[in-house]
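Which chain is which? The protein sequence lines are A and B, in order. Under the working numbering, the first residue of the first sequence is numbered 1, with each subsequent residue one higher. Under the working numbering, the first residue of the second sequence is numbered 114, with each subsequent residue one higher.
Hints were generated in silico from the structure; no laboratory data involved. From a predicted model like this one, the values you see are computed outputs, not experimental measurements. It is possible that part of the hints are untrue.
Claimed, not checked - Here are the simulated DSS-like cross-link-like pairs (lysine-lysine), alpha carbons at most 27 Å apart as the crow flies:
no., chain 1, residue 1, chain 2, residue 2
1, B, Lys183, A, Lys105
2, A, Lys69, B, Lys196
3, B, Lys122, A, Lys42
4, B, Lys122, A, Lys105
5, A, Lys57, B, Lys184
Given next are the chains, with one letter for each unit.
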Amino acid sequence: ILNVEQSPQSLHVQEGDSTNFTCSFPSSNFYALHWYRWETAKSPEALFVMTLNGDEKKKGRISATLNTKEGYSYLYIKGSQPEDSATYLCACSNSNSGYALNFGKGTSLLVTP
Amino acid sequence: DGGITQSPKYLFRKEGQNVTLSCEQNLNHDAMYWYRQDPGQGLRLIYYSQIVNDFQKGDIAEGYSVSREKKESFPLTVTSAQKNPTAFYLCASSVGFNNEQFFGPGTRLTVL
């Protein structure tokens, strides 16, 4: 089992604030890093899948970076909106885990108007 | 509409009974997964299948069994050997192993 840590555990911001979360994972034998957004009463939805060191991906106001050498990924949300309120999950795979995803506990984001 | 369905949404069973959770996908995905979520924990992998007629144990397979006789279906049986079966169960699928996963709506199982 890979130890995937996410911080902070929860976050409360005002509409329009920009915010970022961290995902830490073992850097050895890295294979892939996934970010998912899980809104209340819905199913988790994939945001990004990243595999290369230095990868940067963007989808609208949300972007993510990946550092496989030091074992972390950042997720940024620019100008948060109430509809961004959700739990953001990070998951990592490597050869030690048989390439299966290991999920962190998530960061719960609440954006208030 | 393509997607993943899980049924039922809520399930109640008496202690000692086996129960089977359904997961169906019409996305033509090869890989399917079962996860369990408990309060304060991340999603934990129970079983996964990379292709029809093949499946592998995940991190917490004890007390569970699966089958993958059809590409579209990956049912999970929670047996009486599972010591703490009450949890939220999520099924997912992906085109190939370790591609982005698509999740079903989940089944909340309560064992009384």
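Verification of the supplied hints:
1. B/Lys183 to A/Lys105: violated, 32 Å
2. A/Lys69 to B/Lys196: violated, 39 Å
3. B/Lys122 to A/Lys42: holds, 12 Å
4. B/Lys122 to A/Lys105: Holds. B/Lys122 to A/Lys105 sits at ~23 Å (cutoff 27 Å).
5. A/Lys57 to B/Lys184: violated, 31 Å
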